[in-house]
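Chemist: Residue numbers (my numbering), protein chains in the order written: chain S, 1 to 249; chain P, 1 to 330.
I should point out that these hints are in silico values taken from the structure, not numbers from a laboratory. Among the hints, erroneous ones may be present.
Unchecked claim - With a straight-line cut-off of 30 Å between C-alpha atoms, the simulated DSS-like cross-links for lysine-lysine are: (1) S:Lys72 - S:Lys226; (2) P:Lys304 - S:Lys116; (3) P:Lys304 - S:Lys142.
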Amino acid sequence: MLTAREVHRHFEGMRAVDGVSIDVLPGRITGLIGPNGAGKSTFLAVLAGTLPASSGNIVFEAEVITALPAYKRARRGLVRTFQLPSEFAQLTVLENLLVAAPGNRGESLLGALLGKRYWLPDERRLVERARRLLNRFGMSAKESDYAGTLSGGQKRIVEIMRALMLRPRVLLLDEPMAGVHPSIVDEIATYLESLRDEGLTILMVEHELHMVERLCDPVIVMAQGKIIGQGPMTMLRRQREIVDAYLVG
Amino acid sequence: MNYYVETILVYAGVDIIACLALNLQFGVSGIVNFSFIVFQAAGAYTAAVLSMPPDTASGMSFQHYVLGLQLPFPIPWLGGALVGGLLAIPVGVLLLRRLRSDYQAIALLVLSVIVNTVITNYRPLFNGAAGLSVIPPPLSERIDPYTATYQYLYVGITFVCCLLVLFVANRIVNSPYGRTLRAMREHELAASALGKNLVALKLTVFVVGGIIAGLSGAILVGFISYWAPITWLYPETIVLFAAIIVGGRGNNLGAILGGLLVPLGFEEITRFIPTGFGPPGLGPAIQWVAIGLLIIGFLWFRPKGVLPEPRRVFNEAGIEESPFMEVRAS
Numbered sequence: 001m002l003t004a005r006e007v008h009r010h011f012e013g014m015r016a017v018d019g020v021s022i023d024v025l026p027g028r029i030t031g032l033i034g035p036n037g038a039g040k041s042t043f044l045a046v047l048a049g050t051l052p053a054s055s056g057n058i059v060f061e062a063e064v065i066t067a068l069p070a071y072k073r074a075r076r077g078l079v080r081t082f083q084l085p086s087e088f089a090q091l092t093v094l095e096n097l098l099v100a101a102p103g104n105r106g107e108s109l110l111g112a113l114l115g116k117r118y119w120l121p122d123e124r125r126l127v128e129r130a131r132r133l134l135n136r137f138g139m140s141a142k143e144s145d146y147a148g149t150l151s152g153g154q155k156r157i158v159e160i161m162r163a164l165m166l167r168p169r170v171l172l173l174d175e176p177m178a179g180v181h182p183s184i185v186d187e188i189a190t191y192l193e194s195l196r197d198e199g200l201t202i203l204m205v206e207h208e209l210h211m212v213e214r215l216c217d218p219v220i221v222m223a224q225g226k227i228i229g230q231g232p233m234t235m236l237r238r239q240r241e242i243v244d245a246y247l248v249g
Numbered sequence: 001m002n003y004y005v006e007t008i009l010v011y012a013g014v015d016i017i018a019c020l021a022l023n024l025q026f027g028v029s030g031i032v033n034f035s036f037i038v039f040q041a042a043g044a045y046t047a048a049v050l051s052m053p054p055d056t057a058s059g060m061s062f063q064h065y066v067l068g069l070q071l072p073f074p075i076p077w078l079g080g081a082l083v084g085g086l087l088a089i090p091v092g093v094l095l096l097r098r099l100r101s102d103y104q105a106i107a108l109l110v111l112s113v114i115v116n117t118v119i120t121n122y123r124p125l126f127n128g129a130a131g132l133s134v135i136p137p138p139l140s141e142r143i144d145p146y147t148a149t150y151q152y153l154y155v156g157i158t159f160v161c162c163l164l165v166l167f168v169a170n171r172i173v174n175s176p177y178g179r180t181l182r183a184m185r186e187h188e189l190a191a192s193a194l195g196k197n198l199v200a201l202k203l204t205v206f207v208v209g210g211i212i213a214g215l216s217g218a219i220l221v222g223f224i225s226y227w228a229p230i231t232w233l234y235p236e237t238i239v240l241f242a243a244i245i246v247g248g249r250g251n252n253l254g255a256i257l258g259g260l261l262v263p264l265g266f267e268e269i270t271r272f273i274p275t276g277f278g279p280p281g282l283g284p285a286i287q288w289v290a291i292g293l294l295i296i297g298f299l300w301f302r303p304k305g306v307l308p309e310p311r312r313v314f315n316e317a318g319i320e321e322s323p324f325m326e327v328r329a330s
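Starting from the given sequences, assemble the full structure and let the hints guide the process.
Modeler: In structure tokens, the structure reads:
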């Protein structure tokens, strides 16, 4: 579904991603773990196109997308979230979702100038869809709140909902549990499980190992820009070099 | 009509149009266009040379300029708007594609200084530092521009242009396109990761702003019949930024209020500061200090301005309630 071959990303001689090759399998949550500075988030950014690859190949649904900019990859269904909160702070929660939704005729300059009658049917359809999503994620009461006023966990949920508005084929999540209250961590995990069960493919960078163990199969371990192991978490725990590099404790 | 009142009303119209354009770029989209005044100047120069006779005509030999096509109204104004928009394309392509937003702001500021310096020192284009004068007012071949009827007409046409620009600005701001521009302002990277083509978004709003800025310049030059590099130095852009910050970023009504309060109201009020003491030039210097203090004061105490951007609330039927119904700060 999503394949990376020999992907490199260098920053002025520093090899942040050093020849990484992976296969993201459909309908599963693939975990990407590793110590700080391992290159996980950089690799995720390269997959999503927010950072260009220095070399290597990325194939998404049988199409080479290595040279495509981020917005074109997102439109094809490869959608990412960010390690740091990236909500549109001065837009309401509902607006955050509506921004992401494709297929609104009022989203072009010409469409906007043609007026509400031209795009209102699309808008109403998308509002309805966004409200269904808000309801599913228990955020209906926050619909008209500015996204910037939400808690850290709620912002994470908004980001996931926002990505879902694009009807992604593969969702790239960068530490979706980071900085989130433990009670909401479990909630997010449940949502991710249900999305997986519906057939969504997810690649997730995460530090919360108990969540990785619960959600992810397979798990890929990175250190110093390279992959040092992959497989089910139970198997990885038995590999000495991986335990030394990352899993101690 | 009193000439002073007419002047105030036309200036108010020009400032409102300029503020609505800058609000689209800066307030809504987050593009810190420190070269805004260049686009207004491009519209003014274009309207001037389209309406003036050739510089070889009798009575014009004291100045040198291109074109001199003597075209009838409204062609010079439309030409001014068009050139403002066309100029935005190469500037946008060069400066908005790759640079980060803070570097964009610096590059645009430098562009403003460079363009002004070039126009000042290159006489064949628009008569250099002396600028263009004796620019024929619109419709002056049909109506005597020194009559009250003409004054009413000019104010009326300016008012109609204000309404037209407000109509366009409202359509943009209150649409899904406007919402995407606001998202881009809030977090460029996230907007891009959600499938938004930032280059296209920036370029379109930059061109629309350029067109409106060009129109504002054309209206102004038709009224004052004079245009020179000294009238569009880069600090003039800062006054418009102050207007947007004071009025309320992202809100068209805020832009209108800012346009009335700052470029017009503030500069008119500071004229009444007593003169005759201190070194020469103290009065204008105090004006600039006051503008600076106004920006700092608002950014510190009321960063969202007098009329903040309205919160967008949708009703049960999925229709956005009128943003004019609820103007509240978070």
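Chemist: Hint by hint, which ones does the structure fall short of?
Modeler: No numbers; nothing is violated.
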